[in-house]
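> What follows is the residue order along each chain.
Protein chains: 2
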Amino acid sequence: MTRIAFEEVHACLAKVLRSLAFSDERAQLSARLFAETTCDGVYSHGVNRFARFVAMVRNGSVDPAAEPRAVARFCALERWDGQRGPGNLNAFAAMARAIALSREHGIGSVAMANTNHWMRGGTYGWQAADAGVIGLCWTNTMPNLPPWGGSEPAIGNNPLVIAVPRAKGHVVLDMAMSQFSYGALESHRRRGEQLPIDGGFDAEGNLTRDPAAIENSQRLLPIGFWKGSGLAVMLDLIATTTALGTATNQIANDPLRETGLSQVFIAIDPRTLGESARMDQIADEIVSSLHLTKPAESDKPVRYPGESTLRLREENRKLGLPIDEGVWTEICKM
Amino acid sequence: MTRIAFEEVHACLAKVLRSLAFSDERAQLSARLFAETTCDGVYSHGVNRFARFVAMVRNGSVDPAAEPRAVARFCALERWDGQRGPGNLNAFAAMARAIALSREHGIGSVAMANTNHWMRGGTYGWQAADAGVIGLCWTNTMPNLPPWGGSEPAIGNNPLVIAVPRAKGHVVLDMAMSQFSYGALESHRRRGEQLPIDGGFDAEGNLTRDPAAIENSQRLLPIGFWKGSGLAVMLDLIATTTALGTATNQIANDPLRETGLSQVFIAIDPRTLGESARMDQIADEIVSSLHLTKPAESDKPVRYPGESTLRLREENRKLGLPIDEGVWTEICKM
Numbered sequence: 019m020t021r022i023a024f025e026e027v028h029a030c031l032a033k034v035l036r037s038l039a040f041s042d043e044r045a046q047l048s049a050r051l052f053a054e055t056t057c058d059g060v061y062s063h064g065v066n067r068f069a070r071f072v073a074m075v076r077n078g079s080v081d082p083a084a085e086p087r088a089v090a091r092f093c094a095l096e097r098w099d100g101q102r103g104p105g106n107l108n109a110f111a112a113m114a115r116a117i118a119l120s121r122e123h124g125i126g127s128v129a130m131a132n133t134n135h136w137m138r139g140g141t142y143g144w145q146a147a148d149a150g151v152i153g154l155c156w157t158n159t160m161p162n163l164p165p166w167g168g169s170e171p172a173i174g175n176n177p178l179v180i181a182v183p184r185a186k187g188h189v190v191l192d193m194a195m196s197q198f199s200y201g202a203l204e205s206h207r208r209r210g211e212q213l214p215i216d217g218g219f220d221a222e223g224n225l226t227r228d229p230a231a232i233e234n235s236q237r238l239l240p241i242g243f244w245k246g247s248g249l250a251v252m253l254d255l256i257a258t259t260t261a262l263g264t265a266t267n268q269i270a271n272d273p274l275r276e277t278g279l280s281q282v283f284i285a286i287d288p289r290t291l292g293e294s295a296r297m298d299q300i301a302d303e304i305v306s307s308l309h310l311t312k313p314a315e316s317d318k319p320v321r322y323p324g325e326s327t328l329r330l331r332e333e334n335r336k337l338g339l340p341i342d343e344g345v346w347t348e349i350c351k352m
Numbered sequence: 019m020t021r022i023a024f025e026e027v028h029a030c031l032a033k034v035l036r037s038l039a040f041s042d043e044r045a046q047l048s049a050r051l052f053a054e055t056t057c058d059g060v061y062s063h064g065v066n067r068f069a070r071f072v073a074m075v076r077n078g079s080v081d082p083a084a085e086p087r088a089v090a091r092f093c094a095l096e097r098w099d100g101q102r103g104p105g106n107l108n109a110f111a112a113m114a115r116a117i118a119l120s121r122e123h124g125i126g127s128v129a130m131a132n133t134n135h136w137m138r139g140g141t142y143g144w145q146a147a148d149a150g151v152i153g154l155c156w157t158n159t160m161p162n163l164p165p166w167g168g169s170e171p172a173i174g175n176n177p178l179v180i181a182v183p184r185a186k187g188h189v190v191l192d193m194a195m196s197q198f199s200y201g202a203l204e205s206h207r208r209r210g211e212q213l214p215i216d217g218g219f220d221a222e223g224n225l226t227r228d229p230a231a232i233e234n235s236q237r238l239l240p241i242g243f244w245k246g247s248g249l250a251v252m253l254d255l256i257a258t259t260t261a262l263g264t265a266t267n268q269i270a271n272d273p274l275r276e277t278g279l280s281q282v283f284i285a286i287d288p289r290t291l292g293e294s295a296r297m298d299q300i301a302d303e304i305v306s307s308l309h310l311t312k313p314a315e316s317d318k319p320v321r322y323p324g325e326s327t328l329r330l331r332e333e334n335r336k337l338g339l340p341i342d343e344g345v346w347t348e349i350c351k352m
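Chains H and R, in that order, give the protein sequences. Using this note's numbering, the letters of the first sequence correspond one by one to residues 19 to 352. Using this note's numbering, the letters of the second sequence correspond one by one to residues 19 to 352.
Keep in mind that a hint or two might mislead.
Remember, identical chains collapse to one label, so a pair may be satisfied in a single copy or spanning two.
Under the rule of at most 20 Å between Cα atoms (straight-line distance), these lysine to aspartate or glutamate pairs were calculated in the EDC-like manner [as the list claims (entries may be wrong)]: (1) Lys-312 x Glu-325; (2) Lys-186 x Glu-293; (3) Lys-336 x Asp-42; (4) Lys-186 x Asp-298; (5) Lys-312 x Glu-122; (6) Lys-351 x Glu-233; (7) Lys-351 x Glu-85; (8) Lys-186 x Asp-148; (9) Lys-312 x Glu-170; (10) Lys-336 x Glu-204; (11) Lys-33 x Glu-122; (12) Lys-312 x Asp-220; (13) Lys-186 x Glu-325; (14) Lys-318 x Glu-170; (15) Lys-318 x Asp-228; (16) Lys-312 x Asp-302.
Worth flagging that the hints you see were computed from the coordinates, not collected in a lab.
Isolated chain H, as found in the complex (with noise of 0.2 Å):
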């Protein structure tokens, strides 16, 4: 592992890019993202993932120069054609309009079909907190994971990001269905460790810990079993049948084919209501009560969702951003 600069991760990116026909803005933007991702400690989604991205250009699956458009418009409500642009520049386009459309309608959405994987999703909740409104966003995804009671996956993960802004730090959840990523299980064993709770089946359909086993039933469980297979159900429905997009089922169970994603970005503005002050301080109130709450391990105080982020945040900006050798070698020879 070494420490690269922000900005020398930044320009090293945007550089492939460019090489990759994105115009400098866009290439710009989409290098910031991936940038800030692994920023805020999200290394699973940020530079870690660019080679990947990268592959998904180049084998066609994202079209580097394809903007996203509205398709149909009635107020406050967008639907979207993604054109299989970069999967977090249209993510970011389209959680900027319903920003906008919330300041004019104190609500606002756009639901957008054939886009692509947006990366770290939380990238968009962190976009409307800065903005000062509340986001909902979410994606659906190949199929990746069986519903309660199917024995193959037949839906999605489908991360769901909520974002609550906040003078003090905002609060950001962003979500998969599953309990663990596939990302998740491979580290676990890499280093020969057990899940620290049940992450699956076996395949004689047990729940269980390993690692493995789970990797080869494919049997990864949803959050809270039933509930959040129903959850991930319901996502992917609301996202495609308001941007008509395509469904988890019809997404190509391939990660560098995983393309035509539907999506949905929701902003609520309450500062068009007034007293926003007075939105702060019970934000805050929420906060001190979850510090406030006795810990299980008393070393260990009770979080809010992104707590982390901050201090992580500060410390790569700090110290630069931490990149695997061999990951940061392969960028730089691109």
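Got chain H sorted already, so can you dock chain R onto it with the hints?
Same frame as chain H, but now just chain R:
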């Protein structure tokens, strides 16, 4: 257990409510929502819950005459004060308004403070879907769940409801953020049964399926461990900051005094964007893909959220609502 015709149950509950100073119209509606909940098979929150509701009217927690009112409006977003009126009537009115806003603006939302327990959350999901729109709503609750990393109840199980309309049967999810409710723990304990999966921690902090151990520790498990805990926090934050309402940590931890709740109702009308026939087709395809998934147990096909409701509704309409004889006797004497 006895079977009582829907109309008889409805008339009887309405009569009791009129005796508690509900207007005839409001008594009819509230009684209908209770009866429909039992008819739909959600026995915990229908007729079985009526006596507790009446007790809360009698102890002053619920004001039978109070009607919710908008205190701030901005285009598609409204802030309401529930004025501690009956929770189901308040929620029904708020969802009706969100539906109307969605027809006018594509999407609409009502955030309501100062309301009461809405009984079955799914009611307002079915309400939205019956109106042909997508519904999302949630409520906060008294502190009945420890946040992840905490050892005492400090967050709510904050039920979340999502509904998508479909001509062949709406898809409706109604789920709390705890893996099991206290009601479920109690009924397992009374039957002398263990829970089918871990439902919380015992006094020593070990995961357990023993319902009594969890009732004693009060350490119920959030769905997906840290994930459901985070989601419960976000739902509380959105509801209370938008409605300027009371947060979970300020709500009395007493089922008979659990009042002043905060709720959010969002409706999306994608038909405003056209192509509604295609929407129904997409929803049908998703449902079909679930039904075609290879089941874990060959005789138990995968179901979609809400699938069993229509069957139970039909059965209970035909045979009469299944009601515990003691419960029915008590209501008839009110």
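> For each hint, tell me whether it holds in the structure or not.
Hint-by-hint comparison with the structure:
Only within a single protomer do Lys-312 and Glu-325 lie at most 20 Å apart by alpha-carbon distance; the minimum there is 18 Å, versus 40 Å between protomers. In this assembly of identical chains, Lys-186 and Glu-293 lie within 20 Å of each other by CA distance solely inside one copy; the values are 17 Å within and 44 Å between copies. In this assembly of identical chains, Lys-336 and Asp-42 lie within 20 Å of each other by CA distance neither inside one copy nor across copies; the values are 26 Å within and 67 Å between. Within a single copy, Lys-186 and Asp-298 get their C-alpha atoms as close as 9 Å, which meets the 20 Å cut-off; across copies the closest is 44 Å, which misses it.
Proximity of Lys-312 to Glu-122 under the C-alpha cut-off of 20 Å is found in neither arrangement, the shortest distances being 42 Å within a copy and 47 Å between copies. For a Cα distance limit of 20 Å, the shortest separation of Lys-351 from Glu-233 qualifies neither inside one copy, at 32 Å, nor across copies, at 59 Å. For a Cα distance limit of 20 Å, the shortest separation of Lys-351 from Glu-85 qualifies neither inside one copy, at 28 Å, nor across copies, at 67 Å. In this assembly of identical chains, the alpha carbons of Lys-186 and Asp-148 lie at most 20 Å apart only when taken from the same copy (12 Å versus 42 Å across copies).
In the homo-oligomer, the alpha carbons of Lys-312 and Glu-170 lie at most 20 Å apart only across protomers (6 Å), although the nearest pairing inside one protomer, at 40 Å, exceeds that limit. Proximity of Lys-336 and Glu-204 under a CA criterion of 20 Å is satisfied in neither setting, with 30 Å inside one chain copy and 53 Å between copies. Taking the shortest alpha-carbon separations for Lys-33 and Glu-122, neither the intra-copy value of 37 Å nor the inter-copy value of 46 Å comes in at or below 20 Å. Within a single copy, Lys-312 and Asp-220 get their C-alpha atoms only as close as 36 Å, which misses the 20 Å cut-off; across copies the closest is 16 Å, which meets it.
In this assembly of identical chains, Lys-186 and Glu-325 lie within 20 Å of each other by CA distance solely inside one copy; the values are 10 Å within and 44 Å between copies. When the C-alpha separation of Lys-318 and Glu-170 is checked against a cutoff of 20 Å, the pair qualifies only between copies, where the shortest distance is 14 Å, while the shortest distance within a copy is 38 Å. Taking identical chains as interchangeable, the C-alpha atoms of Lys-318 and Asp-228 are never at most 20 Å apart, the minima being 26 Å within one chain and 26 Å between chains. Taking CA atoms no more than 20 Å apart as the test, Lys-312 paired with Asp-302 passes inside one copy only; the shortest distance there is 18 Å, against 47 Å between copies.
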